[in-house]
Amino acid sequence: MAKLRVGVVSPEREIWTGEADMVIAKTVDGEIGIMPNHAPVLGVLVEGGVLRVKRGDGGDLVAAVHGGFISVADNDVSILAEAAELGSEVDVARAKDALQRAQASIEADHEDADARLKAKRAAARLRAAGEEV
Amino acid sequence: MGAQLRQLRRRIKSVKSTAKITRAQELIASSRIVKAQQRMQAAVPYEREITHAVSAVLSNTTNVDHPLTVAKEQPATAGVLIVTSDRGFAGGYNANILREAEALKGHLVGRGLTVKPYVVGRKGLTWHRFRSREMFGEWDGFSDNPSYGNAKEIADTLIESFKAEDGIDEIHVVYTGFVSMLTQNVIVKRILPLEVEEAEAPPEGIPPYYEFEPTAGDVLDSLLPRYIESRIYNALLQSAASEHAARRRAMKSATDNANELIRVFTQQMNQARQAEITQEISEIVGGANALADAAAGKE
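Chains A and B supply the protein sequences, listed in that same order. According to the working numbering, the residues represented by the first sequence are 1 to 133, in order. According to the working numbering, the residues represented by the second sequence are 1 to 299, in order.
Treat the hints with care, since some could be wrong.
Think about it this way: if two alpha-carbon atoms lie no more than 16 Å apart in a straight line, the pair counts; the simulated EDC-like pairs of lysine to aspartate or glutamate are [as the list claims (entries may be wrong)]:
#1 B:Lys35 <-> A:Glu12
#2 B:Lys16 <-> B:Glu213
#3 B:Lys152 <-> B:Asp140
#4 A:Lys26 <-> B:Glu213
Interface residues of chain A toward chain B, partial, derived using beta-carbon atoms under 7 Å [claimed, not checked]:
#5 Arg13
#6 Phe69
#7 Ser71
#8 Ile106
#9 Ala108
Hints are computed from structural coordinates only; laboratory data are not their basis. On a predicted model such as this, the values are computed, not experimentally measured, just so you know. The beta-carbon is built from N, C-alpha and C at its ideal position, and this holds for glycine as well.
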């Protein structure tokens, strides 16, 4: 079966490139699963989403992706993230700490959009690291 | 010791310490160019992909009527983003940028536009303040090591005033493009209204027909600001690399000049020393002769 060529890039660096059997990302419309020979798609990713790249034998790659786009054409999948972090690179203690602080400021002020965004991002990082949130 | 000799020794000492400083600056700049170039390289994949995505959307939608791509019929004001450095010691780097910015301003005023400067870098800020010119955006502190967050901040300000009813109608950017270690050129570009630049040759054949999630308009809405951020980030990165290259070159010629000065002064000092010794010897000989003559006279 044909394979997907996947590239996860952020403005400051290329985070991961390689081949995969399936890519699952979360767009603003909902989850989208891409398998080889998928029709060309350009989607807007949600803030604080988790990206899964299924690689068959090499194990799955999980990354926290904060905003950005997914573009699919001719078995090329590009994830353009404003910021992204591989699950294996996440500092769990720091992410937990960030989540708690963000939740505390949401408790204090329900209108705090900035804190909500931070909470979302921290939760995504924890999920990418394989933690239960 | 003669006064001239002492003076020369003092000058040599001071030039030597200056040379040490410029040499250190040169070495620092050389090592930072490499880092700056790596950052430029690291940003390439994202730039390529986002340019690709923007052209994909534009080729799939026949009538693009996005506020960021439409040129206003009667442009009245133009914003100019000027990217300078925070520190000097970089030869003509900032002077070149500011001269080009002035030329652009003259050109825009000639078209009947009012020019609003947006300035990055302490050198540009002081230049504008000294001439008491009003600035509409000021950023500093990151010229030699810009992050994407900095670019985003700048892009947000620019896009906001572009969208505003009585804001700016065009945005130009003046920065220094990094060609190689030896060549850096000042580049003047219009970034809004948008013209998408394909970095590579357009791919062969018909572009694929994309599906959009949620819709083409929504995708464009969030794609275009990201594209502008990426253009500005690219300008900042190139300026940073150019700044280091300009500083390295300026500091190298300063070190060379200092070494040349030291050579000339050392020569002069040796001459002065020899002249002094010669004079001393002839004085002693003269004195001895005079004594001998006096002794001969007594007999």
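Hints the structure violates: just list their numbers, smallest first. 2, 8 and 9
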